[in-house]
Each structure stands twice: as structure tokens, then as C-alpha cells.
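K.L.:
Residue numbers in the sequence shown follow this note's numbering, run continuously in steps of one, and reach 161 at the last position.
There's no promise every hint is true.
Under the rule of at most 27 Å between Cα atoms (straight-line distance), these lysine-lysine pairs were calculated in the DSS-like manner [stated by the list, open to error]:
1) K30 / K155
2) K32 / K155
3) K32 / K154
4) K154 / K30
The set of hints was computed from the structure by calculation and includes no laboratory data.
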Amino acid sequence: MTAAEIKEKILNDVVFVGLRSAVGVIFILHGISKLDPGFAKNLPNMGLPAEMAIPIALAELIPGILIVLGVFSRLSASLISIIMLGAIFMVKGAQSITGKGGVELDLILLASVLVIMIVGPGRISLAQIIKKLPRCLH
Numbered sequence: 024m025t026a027a028e029i030k031e032k033i034l035n036d037v038v039f040v041g042l043r044s045a046v047g048v049i050f051i052l053h054g055i056s057k058l059d060p061g062f063a064k065n066l067p068n069m070g071l072p073a074e075m076a077i078p079i080a081l082a083e084l085i086p087g088i089l090i091v092l093g094v095f096s097r098l099s100a101s102l103i104s105i106i107m108l109g110a111i112f113m114v115k116g117a118q119s120i121t122g123k124g125g126v127e128l129d130l131i132l133l134a135s136v137l138v139i140m141i142v143g144p145g146r147i148s149l150a151q152i153i154k155k156l157p158r159c160l161h
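Build the full structure now, drawing on both the sequences and the hints.
P.N.:
Next comes the structure, spelled out in C-alpha cells:
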């Protein structure tokens, strides 16, 4: 393997950590914001019971943390993709790409978690560290 190939592989790994981190932090912040009682009060306006506030918040917060760490990334991304489809079709009604009620950010986040779901956590992740531990520590 040449130095250029090694450099390209390292760059790809670092870029993927950046993608995972950005997406994960967004969902961590969104999940935390949904723990506010105001979110629960708004849910009936979206056709959902107020009791769904905590499960929805945790369904964004926990996978966000796991994606940043790079463990259970595919499962976490799958859960978030379902949430994003709900946001696009149930909450916003998929009425417009841009403007008021636009789904452009939701589509970008959906595309990002689909990439994570397909590719996995990448080589710079907790999952890779765990894989490399000696068998006696598993």
C-alpha cells in the first residue's frame, strides 16, 4: 500500500467520524430539547399522545450518543431513520422541500443516517476497539 493510499484511507476514516459526530450531536440536542414539557403539550397537535414525549426524546438521545461513540451504529441509525420518516410524513406532511414546513434538513439527516446504517460505524469507533480486544476480555 502506498503512502497516498494510506493517507486517503485515514482521511476517509476521519471524515466518517465527522459525519457520525455531527449527526449524533444533532440528535443528542434534539432529544434533550424534547424532554421539555412544552414538547409533550405540542404532541396532540401532531396527532400523537402527550405520553409519547419521553419515548420520542429517548429514541433520539440514546441513538445519538451511540452513533457518536460508534457502537450499535446500524441499529441506532435504523431507529433514527424511522423517526425521520415520521418527521417528514407525519409531522410536516412532506408538503415542501424548502420554506415553511420544508423537509430539506430532515432529508439530509435521513440520508446521513442511511449512510451510517449501510456502512456501519467505520474504523474509528468503539465497536472497532471492542473487536480488537483480546478474547479473554470479551
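K.L.:
Sort out which numbered hints this structure fails and list those numbers smallest first.
P.N.:
Those not satisfied: there are none.
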